[in-house]
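*Asks:* Read off the chains here:
2 protein chains.
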Amino acid sequence: MLNRKAVVVLSGGLDSTTCLGIAADEGYSLYTLTFDYGQRHARELRAAEQVADYYQVADRRIVKLDFLRKIGKSALTDFHLSVPKNVHDGEDIPITYVPGRNLLFLSLAASFAEAIEAQAIYIGVNALDYSGYPDCRPQFIQAVQKVLDVGTKTAVEGAPISLQTPLLHLTKAEIIRWGHRLGVPYQLTTSCYEGAEEACGECDSCRLRLRGFKEAGLVDPIPYRSL
Amino acid sequence: MLNRKAVVVLSGGLDSTTCLGIAADEGYSLYTLTFDYGQRHARELRAAEQVADYYQVADRRIVKLDFLRKIGKSALTDFHLSVPKNVHDGEDIPITYVPGRNLLFLSLAASFAEAIEAQAIYIGVNALDYSGYPDCRPQFIQAVQKVLDVGTKTAVEGAPISLQTPLLHLTKAEIIRWGHRLGVPYQLTTSCYEGAEEACGECDSCRLRLRGFKEAGLVDPIPYRSL
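Sequence order for the protein chains is H and D. Numbering-wise (the working numbering), the first sequence opens with residue 6 and increments by one. Numbering-wise (the working numbering), the second sequence opens with residue 6 and increments by one.
Quick caveat, the hints were computed from the structure, so don't treat them as lab data. Warning: the hint list may mix true and false statements.
Put simply, identical chains are the same to the list, so a pair is met inside one copy or across any two.
Unchecked claim - DSS-like mimics (lysine-lysine), calculated; alpha carbons at most 30 Å apart, straight line:
{"id": "1", "residue 1": "K69", "residue 2": "K151"}
{"id": "2", "residue 1": "K10", "residue 2": "K151"}
{"id": "3", "residue 1": "K10", "residue 2": "K69"}
{"id": "4", "residue 1": "K69", "residue 2": "K158"}
{"id": "5", "residue 1": "K151", "residue 2": "K219"}
{"id": "6", "residue 1": "K10", "residue 2": "K158"}
{"id": "7", "residue 1": "K10", "residue 2": "K219"}
Source: prediction; values computed, not measured.
Construct the complete structure from the given sequences, taking the supplied hints into account.
*Replies:* Now the structure itself:
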């Protein structure tokens with residue numbers, strides 16, 4: 006099909022950038038949507054811009070979500086909470102969980118997709134590494150697909166938007182291997198919660214990333230402070 | 006139960022104000038959420054403030070959604086489209102449909118509800134008067150409830166947020182009769198798409214409202230220009 010469009014939720018991190026590479030590989034015209042929801046750092050936003058440049062996307066939007074900062078209750082948006090240093094692997098919901106974040110991201114992506122008549126939304130949610138996040142689970146994604154099937158104009162008109170979550174069941178190593186095959190520019194991505202120019206190598210996110218590269222038998226191209 | 010909290014999506018219109026009255030009658034502590042999504046008028050926002058004052062809500066938030074204006078494609082957010090004057094009663098999706106609006110509203114309401122640990126979200130969607138809006142249909146509401154059941158922290162912890170849509174299957178006259186019994190301050194509400202101090206009496210929304218009051222055997226307390 007000519008000129009199929011995909012909206013890709015792009016944080017500038019490893020997973021979302023891999024998603025963008027996958028959507029590009031599928032032949033979609035790319036429309037990125039990046040959220041500024043009061044993160045501690047602008048580093049992610051800069052990475053998202055560089056990744057969007059790299060893929061020469063058709064259009065990009067950065068949406069400021071001050072609301073999430075105002076309602077707080079998460080270490081990623083509330084400056085008074087400290088970011089945990091240990092890899093999360095239990096059943097509890099981690100402190101870095103932002104209430105309703107993925108639902109909000111997908112809602113905005115759906116609005117954007119409807120407006121530009123896109124066929125697909127790509128989001129890099131992953132059910133393995135972040136098992137503690139309720140909005141990263143397969144049943145959540147299925148439920149949102151159902152919402153898109155019944156609640157959007159394009160669906161009523163016979164062309165529902167397809168929610169694509171290619172990374173949902175993959176390990177970090179599998180994601181990295183797939184992206185590596187597709188030539189995803191991991192040197193432009195950022196994952197560290199601290200958001201400094203050099204990654205800390207110690208936070209949840211850095212450790213997951215480093216372990217992923219190691220298991221994939223590849224070298225992470227970004228600089229680390231502590232390695 | 007003591008101190009049950011409800012987030013009420015409040016536009017300042019007749020339906021959402023009735024919802025607020027219903028939530029108050031149910032004994033909830035009230036938290037209103039009002040959206041400024043680039044409407045043509047500030048009249049609605051003022052009405053929402055006055056209604057929130059009237060009900061002495063525990064907290065209120067106004068969320069600016071510039072994003073919806075930027076993606077346009079709706080007469081309510083795009084200044085270049087004219088608002089239709091005739092009551093919508095067909096199968097087509099009206100030009101006043103804002104892509105993904107209710108999903109976005111409910112996503113933000115869910116974030117707010119999670120943050121304050123609310124038990125319920127009230128939204129005044131109606132499947133009868135606005136049959137052309139895909140995101141006002143019962144199957145859409147059911148699908149969003151499912152998302153809340155599987156995708157929120159409170160649900161995982163055993164206390165899912167209940168999505169309340171008391172007006173879903175009511176006619177405008179039934180809504181008005183219910184609100185009238187509860188003492189809902191309809192004199193503070195606004196419905197006209199034009200957003201002037203006096204309602205036009207001619208747009209879709211004015212005509213639905215006037216017909217509703219007439220069928221309910223009541224007099225609409227707001228001033229109309231053309232009557």
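*Asks:* Now, for every hint given, state plainly whether the structure supports it.
*Replies:* Hints and how they fare:
Taking identical chains as interchangeable, the C-alpha atoms of K69 and K151 lie at most 30 Å apart whether they share a chain (27 Å) or sit on different chains (27 Å). Within a single copy, K10 and K151 get their C-alpha atoms as close as 20 Å, and across copies as close as 28 Å, so both meet the 30 Å cut-off. Proximity of K10 and K69 under a CA criterion of 30 Å is satisfied in both settings, with 23 Å inside one chain copy and 27 Å between copies. In this homomeric assembly, K69 and K158 come within 30 Å of each other (Cα to Cα) both inside a single copy, at 25 Å, and across copies, at 23 Å.
Proximity of K151 to K219 under the C-alpha cut-off of 30 Å is found in neither arrangement, the shortest distances being 37 Å within a copy and 38 Å between copies. Taking the closest pair of Cα atoms, K10 and K158 come within 30 Å of each other only inside a single copy of the chain (16 Å); across copies the shortest separation is 32 Å, beyond that limit. In this homomeric assembly, K10 and K219 never come within 30 Å of each other (Cα to Cα): the closest approach is 34 Å inside a single copy and 47 Å across copies.
The structure is inconsistent with the numbered hints 5 and 7, although it conforms to all the rest.
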